[in-house]
Every structure is written in structure tokens, then in C-alpha cells.
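Residue numbers (my numbering), protein chains in the order written: chain B, 5 to 106; chain F, 8 to 171; chain G, 57 to 173.
No wet-lab data here; the hints were simulated from the structure. Computed from a predicted structure; not experimentally measured. Ideal placement from N, C-alpha and C gives every residue a C-beta, glycine not left out.
These stretches of chain B come out as covered by chain F in the derived footprint (C-beta under 8 Å, 3 or more residues):
id, region
1, 14-26
2, 36-44
3, 62-73
4, 83-96
Distance condition first, Cα-Cα at most 30 Å in a straight line; then the derived DSSO-like pairs of lysine-lysine:
id, chain 1, residue 1, chain 2, residue 2
5, G, Lys112, B, Lys30
6, F, Lys167, B, Lys105
7, F, Lys167, G, Lys166
8, G, Lys166, G, Lys112
9, B, Lys30, B, Lys105
10, F, Lys167, B, Lys30
11, G, Lys112, F, Lys167
So the derived label-pair ranges between C-beta atoms look like this:
id, chain 1, residue 1, chain 2, residue 2, range
12, G, Phe142, F, Leu106, 42 to 52 Å
13, F, Thr114, G, Gln59, 34 to 44 Å
14, F, Pro129, B, Val74, 22 to 32 Å
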Amino acid sequence: MVTLNHYLILAAILFCIGFYGAVAKKNAVAVLMGIELMLNSVNINLVAFNRFLNPGEMTGHIFALMVIVVAAAEVAVGLALILNIYRQRLTTDVNDLDWLKW
Amino acid sequence: MVSPLVFWIVAGITIIAALAVVNLTNLIHSALWLIVAFVGVAITYLILEAEFLAAVQIIVYAGAIAILIVFGVMLTRRGDIRESNLFNNYRLAGGLISLGLMATIVTMVVKTQWAIDVAAVPANSVGLLAQNLLGQFVIPFEIAAMLLLVALVGAIIIAKEVRD
Amino acid sequence: MEQYLALGIFLVVALVFGVVVLVVAGLVRPKKPSPEKLSTYECGLETQGPTWVQFKISYFMYALVFLIFDVETIFLYPWAVQFQKFGIFAFVEMIIFIGILVVGLWYAWKEGALEWL
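Make the full structure from the sequences, and use the hints.
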């Protein structure tokens with residue numbers, strides 16, 4: 005029997021792996037990948053809550069759809085920023101992005 | 008009801024793929040493992056009887072976002088690709104914090120008493136989704152269009168300088 | 057969920073088939089390597105320099121426009137499923153939705169994001 009707790013723990017593990025990737029990686033594209041993993045785990049949470057706590061309505065699914073839209077917008081703008089930074093600095097290393105630091 | 012074995016296999020594959028995304032040093036390999044993780048999440052949606060979201064997950068994440076990320080990797084490549092995805096100085100701190108976060112979330116999840124509703128999923132779930140989306144949630148629906156428009160225009164403006 | 061059982065069986069059979077064919081071919085084939093055989097292209101030019109070359113920005117522009125309109129289609133599908141039951145109101149809502157995104161397409165066209173140069 006797979007209960008709600010199993011899905012929530014799976015989502016928690018995925019979220020923490022994504023967080024680790026987003027915090028500990030040098031390459032900005034890898035940071036974006038970590039953020040995508042985090043958004044996915046949030047979606048698993050929303051769909052699991054919808055399935056187990058209120059299966060008669062689709063509110064959780066609509067939330068998940070909105071998260072997917074935001075993730076698409078985020079990855080489009082994020083990658084465009086990374087490409088522009090790469091053109092100016094020839095680097096995607098987040099340690100080198102320190103122009104605001106004196 | 009799905010056999011728990013299927014869930015465990017899918018969850019294991021998804022977690023292994025996510026660990027590979029974070030731990031491999033070749034950025035292209037990370038991007039390909041990311042697709043495996045996305046498909047694993049899509050199968051999790053199938054087990055949760057959310058067929059439409061499973062299709063959306065594969066179409067948008069595995070089909071479009073992963074491709075965009077691969078193009079992003081290809082366009083920003085410099086130096087040896089095999090050493091392109093290294094850890095920064097926060098590896099130990101980040102790992103400890105994420106382990107602590109995981110322990111906290113798991114403890115809270117296990118300790119909470121959920122009000123489980125055992126009702127079945129409605130048969131025409133996509134139709135119900137459309138009724139909600141175009142009825143109660145019509146403002147978020149139109150704002151999603153605005154968000155996509157702004158993201159498209161913004162990304163083109165930012166990336167256009169790269170070409171000139 | 058039972059209707060996905062056939063899909064799962066097909067998936068497993070496809071994976072097993074690929075592995076079995078490759079392993080059997082590797083076991084029974086003769087191994088006589090020669091420099092000519094091991095070259096990347098038997099007839100054709102050898103690649104010069106590293107093959108992990110940089111791509112053009114046009115790839116990114118195409119993928120960007122594709123991603124945005126891919127996300128649009130996921131909203132079109134549930135609307136189309138329920139179209140017969142909805143009145144004119146839902147139709148107008150979807151026209152507004154598509155209209156907003158057509159502005160984005162017009163902008164991408166104007167800025168040359170759809171051109172391959």
C-alpha cells in the first residue's frame with residue numbers, strides 16, 4: 005500500500021537533491037537544473053495532496069499547471085541571462101559573477 | 008490500485024537520476040539524466056491517476072525545457088566538457104543543510120495526521136480541469152498567458168544582444 | 057490504471073529486445089579491426105579540431121519560441137475536450153489567451169528570432 009507519506013517523502017528527497025545542486029554547483033546551467041528538480045518535487049506534492057485529501061476537485065492539478073508555466077518562463081529568461089553573461093564575460097561560473105561586490 | 012513495487016521502482020529510478028544530475032561532472036550527461044528524472048516524475052503522476060499532468064510533464068519538461076537546457080549548455084561551452092559541472096566551495100555546507108532540511112521535512116510528514124479522503128478520482132478529470140480553469144480560475148489562466156508573453160519578449164531582448 | 061499494464065509490458069520488451077540483440081551480436085560477430093575500419097568515417101572527411109563545437113544562438117531562439125507555444129498547447133487541450141459543453145464565454149476567454157500569445161509571436165517575428173542567420 006502506497007500512502008500519501010511515501011509521495012511526500014519522495015518529493016522531499018527530490019527537493020533536497022535539487023537544493024543541493026542549486027547551492028553547491030559552479031555552473032549556472034547546473035544551478036538551473038537544480039531549480040527545475042525542486043519545482044518538479046513541489047508538483048509531486050501538489051498532485052499527491054489533491055489525490056489523497058480532496059480527489060473530487062482538480063485544484064491541485066491547476067496549481068501544478070501554473071507551476072509548470074512559471075517553470076517554463078523561468079528557464080527561458082534564466083538561460084537568456086546566462087547566454088548574455090557568457091557573451092560579456094566568457095564564463096558561466098557563478099563564482100565569477102561578482103560585479104556588484106567591491 | 009497500483010502495486011507498491013511499481014512505485015518503489017519508479018521512485019528509485021527518479022532519485023538515482025536526480026543524484027546523477029547533481030553529481031556527474033559532464034554537464035551534457037547531467038542534462039540527459041535530467042530527462043530521466045522528468046520521465047520518472049511523469050510516471051509518478053500516472054500512478055497518482057493524473058494522466059493529463061503526466062502527458063504535460065513529458066511534453067513540456069522532457070520535450071521542451073530539457074531541449075532548451077541542452078542548447079544552453081551547447082551555447083555556453085568553454086574548456087573541457089568533461090570538467091564542466093564541478094562543485095563550488097559551498098559543497099559541504101550545502102550538503103549538510105539539504106540533509107538537515109530533508110530530515111526536518113520527513114519528520115514533519117511522518118508526525119502529521121492527514122485527513123485522508125478515500126473518494127475515487129472523477130472519470131472525466133480533464134473536463135473537470137477545463138471547467139475549473141475556464142470558470143473559477145480564469146484570471147490565473149489569463150495571467151499565465153501574460154507571464155508567457157513577458158517571458159518570451161524578455162528572453163528575446165536579453166538574448167538578442169548575443170547575436171548582434 | 058490497468059490499461060497502462062500493456063504499455064509497461066511493451067516498454068520492458070523493447071528494452072530487453074535492444075539489450076539482447078546487442079549482446080548476441082557482440083558475442084557472435086568476428087573481430088578483425090583494422091585502421092581503415094576504426095576511422096570515424098570510412099568515406100568522408102575527417103573532423104578537424106575538437107568536435108564539441110559551439111552552436112549558433114538561433115538554436116536557442118527556436119527552442120525558446122517552441123517552449124512558449126508548447127506550454128500554450130497544454131491549455132488548449134482541456135479546453136478542446138470540453139468545448140461542446142462551454143458557451144461563447146469560454147470561447148472568448150481562449151481567444152483572449154491566444155491573442156496575448158500571438159503578440160509574442162509577432163514580436164519574435166519582428167525581432168528576427170525566427171530567421172536562420
